[in-house]
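Build out the structure end to end from the sequences listed, making use of the hints.
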Amino acid sequence: MTRIIGERLAVFSGIGKSEVGRRTGRRVLDLTVDAALAAVADAGLEVADIDGLSTYPGGSPSGASLQDTLGLEVDWHNGGGEGPAQLGAVVNACMAVATGLARHVLVFHAMSAAESAGGLGGRGGGGRVGGEMQWMVPFNATSPANWHALEAQWHFDRYGTTREQMAWVAITQRAHAGLNPAAVYRDPMTLDDYLAARMISTPLCLFDCDVPVDGATAFVVSNADYGPDAPRLCPHVHALGTARHERPLWDQWEHSAGGTNDAAAMLWRRADVGPSDVDVALLYDGFSFMAMTWLEALGFCDVGESGAFVEGGKRIALGGDLPMNTDGGQLSAGRLHGFGHVHEAVEQLRGTCGERQVNDADVAVVSNGGGHISGCMLLTRSA
Amino acid sequence: MTRALPGIDDENAYFWRSGGSGRLQIMRCGNCRLWLHPPGPVCRRCRSRALAPEPVSGNASVSRFTVNHQQWRPDLDVPFVIASVELDEQPGLFVTTNIVDCEPGDVHRGMRVTVRFEPMDDVWLPLFTPDVKEHEA
Numbered sequence: 001m002t003r004i005i006g007e008r009l010a011v012f013s014g015i016g017k018s019e020v021g022r023r024t025g026r027r028v029l030d031l032t033v034d035a036a037l038a039a040v041a042d043a044g045l046e047v048a049d050i051d052g053l054s055t056y057p058g059g060s061p062s063g064a065s066l067q068d069t070l071g072l073e074v075d076w077h078n079g080g081g082e083g084p085a086q087l088g089a090v091v092n093a094c095m096a097v098a099t100g101l102a103r104h105v106l107v108f109h110a111m112s113a114a115e116s117a118g119g120l121g122g123r124g125g126g127g128r129v130g131g132e133m134q135w136m137v138p139f140n141a142t143s144p145a146n147w148h149a150l151e152a153q154w155h156f157d158r159y160g161t162t163r164e165q166m167a168w169v170a171i172t173q174r175a176h177a178g179l180n181p182a183a184v185y186r187d188p189m190t191l192d193d194y195l196a197a198r199m200i201s202t203p204l205c206l207f208d209c210d211v212p213v214d215g216a217t218a219f220v221v222s223n224a225d226y227g228p229d230a231p232r233l234c235p236h237v238h239a240l241g242t243a244r245h246e247r248p249l250w251d252q253w254e255h256s257a258g259g260t261n262d263a264a265a266m267l268w269r270r271a272d273v274g275p276s277d278v279d280v281a282l283l284y285d286g287f288s289f290m291a292m293t294w295l296e297a298l299g300f301c302d303v304g305e306s307g308a309f310v311e312g313g314k315r316i317a318l319g320g321d322l323p324m325n326t327d328g329g330q331l332s333a334g335r336l337h338g339f340g341h342v343h344e345a346v347e348q349l350r351g352t353c354g355e356r357q358v359n360d361a362d363v364a365v366v367s368n369g370g371g372h373i374s375g376c377m378l379l380t381r382s383a
Numbered sequence: 384m385t386r387a388l389p390g391i392d393d394e395n396a397y398f399w400r401s402g403g404s405g406r407l408q409i410m411r412c413g414n415c416r417l418w419l420h421p422p423g424p425v426c427r428r429c430r431s432r433a434l435a436p437e438p439v440s441g442n443a444s445v446s447r448f449t450v451n452h453q454q455w456r457p458d459l460d461v462p463f464v465i466a467s468v469e470l471d472e473q474p475g476l477f478v479t480t481n482i483v484d485c486e487p488g489d490v491h492r493g494m495r496v497t498v499r500f501e502p503m504d505d506v507w508l509p510l511f512t513p514d515v516k517e518h519e520a
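Going down the list, the sequences are from chains A and B. One point on numbering: in our numbering, the residue at position 302 of the first sequence is 302, and numbering is uninterrupted. One point on numbering: in our numbering, the residue at position 133 of the second sequence is 516, and numbering is uninterrupted.
Please note that a few of the clues may not be correct.
[Said to hold, decoys possible] What follows is a set of in silico ranges between Cβ atoms, one per label pair, in the way DEER data are often shown:
| no. | chain 1 | residue 1 | chain 2 | residue 2 | range |
| --- | --- | --- | --- | --- | --- |
| 1 | A | ARG27 | B | CYS485 | 39 to 49 Å |
| 2 | A | ASN359 | B | PRO457 | 43 to 53 Å |
| 3 | B | ARG400 | A | GLY127 | 54 to 64 Å |
| 4 | B | TYR397 | A | ALA41 | 55 to 65 Å |
| 5 | A | MET1 | B | ARG430 | 22 to 32 Å |
[Stated by the list, open to error] If we take Cβ atoms under 10 Å as the criterion, some of the chain B residues that face chain A in the derived model are:
| no. | residue |
| --- | --- |
| 6 | ARG430 |
| 7 | GLN453 |
| 8 | LEU508 |
| 9 | THR512 |
| 10 | PRO513 |
[Unchecked claim] Per the computed footprint, the stretches of chain A lying under chain B, defined by three or more beta-carbons under 8 Å from a beta-carbon of chain B, are:
| no. | segment |
| --- | --- |
| 11 | 135 to 149 |
| 12 | 249 to 255 |
| 13 | 347 to 354 |
Derived from the structure by calculation, the hints contain no laboratory data. Ideal placement from N, C-alpha and C gives every residue a C-beta, glycine not left out.
The structure is reproduced here in structure tokens:
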């Protein structure tokens, strides 16, 4: 049987980002327009050239809303929350250009700090819970912080991982944020600062949690044959990891880290490169511990060794073996929900990161989500 | 503690109201005997539809836990312990719950616990408490 790796027909021709802040006072659609128009211009295209539209999770704003706002006429459109995490919108765009359903797909995702603040934690009182959430919410396991804390504590118990080790994800990324003018929190963080932060859900403290922000991110995913005509370097999609073999319930994982391992293993099965070829890693950090599970799943260290791997910060810092979340990640640059990681990967491969640029970045790995909602991608500077 | 309660229907009443009989009930496949949680319309191993709830011992071990300190709602009393406990009946048979009747700091992985029902409205919440027998031994 012929082995098809159709995602290699896709490139990132343009990227765009709105202003990002704790409270911008602007509507998500307004922010999305900024990001979308920036991405289209960055790709060297006109709005009329966009013939595909893809978003995650749909509805905030909807693809229909953005289509009508910009007056788009599209041959293919898609949006939804199910799939390989936030990356699902990118994966679907790759499939659309690979099949020829579209040539230039506008991919977008917007975040609102105010909407994030409510979440499941806002539930209470007389409301009744149904579906899969009924097995956790009645015990006030209402926040993703709780669900990931359960897994983090399990890792601590089983492998001897410590807060003093995990701290270096937050500390190192804060140092990176200091080199990123667009990051939300840029003041240096010390180990003492981290250890003094208030506890959210053991072992996760405030600095292990990402920062809710207002902000939108957009990309143009184009057929690779557009690359030579584009005004800027177009990183290539080399491989995607979308697998989920694990039980898709937060409290029923049969393996550590849930489906993170499934997506990561699939990524390397489809790749011509391996972990040692990666120059920069943009690993999902909704919580610091999630980035550690990705380090293990992707084979940058052994299972159980991520605490030792990040300790001291040297390996994951700029200039280290594996510079990680060079923009500050969601912990310091703000929760752009995985799309910020993709944006930074494209910038690193283009060599446009200024003070935080990784030298000669040719291969970037991006991961979104975690556990049974996981997706990952390899981007390369050249085909 | 205030809680958002589950909506009770024909599919989940056996679990949420099992406290009425004093025994925790878990769905089980009548064909291959796999315990199923959460339940579905068929067994997820053999796809048999011959499923029925059966009582379990109520004895379990703490697999994963966290002490929640964040006051997500104004009416939430903190700190409290959220845990995933593994029921004795089958490896990997996890139930999310709260560990009660002990100091949050005393909860640990592998801790032996037993079910204790807390009635609220039309629901009996299966909470878990340290196994007294273990402590007396």
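Okay, the hints, checked on the actual structure:
Under the hint 39 to 49 Å, the C-beta atoms of ARG27(A) and CYS485(B), about 48 Å apart, fit the expected range. Between ASN359(A) and PRO457(B) the CB atoms are about 51 Å apart, so this pair conforms to the stated range of 43 to 53 Å. The hinted window of 54 to 64 Å between ARG400(B) and GLY127(A) is violated, with their beta carbons roughly 19 Å apart. A hinted range of 55 to 65 Å for the beta carbons of TYR397(B) and ALA41(A) is consistent with their spacing of about 59 Å.
A hinted range of 22 to 32 Å for the beta carbons of MET1(A) and ARG430(B) is consistent with their spacing of about 28 Å. The criterion of a C-beta within 10 Å of any C-beta in chain A is not met by ARG430(B), whose closest approach is roughly 16 Å, and the hint is violated. For GLN453(B), the interface hint holds, since its Cβ comes within 10 Å of a Cβ in chain A; the closest pair sits about 5 Å apart. For LEU508(B), the interface hint holds, since its Cβ comes within 10 Å of a Cβ in chain A; the closest pair sits about 6 Å apart.
For THR512(B), the shortest C-beta to C-beta distance to chain A is roughly 14 Å, which exceeds 10 Å, and the interface hint is violated. Checking PRO513(B) against chain A: minimum C-beta separation of about 17 Å lies over 10 Å; hint violated. For a cut-off of 8 Å, the count of residues in the segment 135 to 149 of chain A with a CB near a CB of chain B stands at 12, and the three-residue condition holds. Given a C-beta distance limit of less than 8 Å, the hint that chain B covers the segment 249 to 255 of chain A holds, as 4 residues qualify and 3 suffice.
As drawn, the segment 347 to 354 of chain A meets chain B at 0 residues by the rule of a beta-carbon pair under 8 Å; below three, the given contact is violated.
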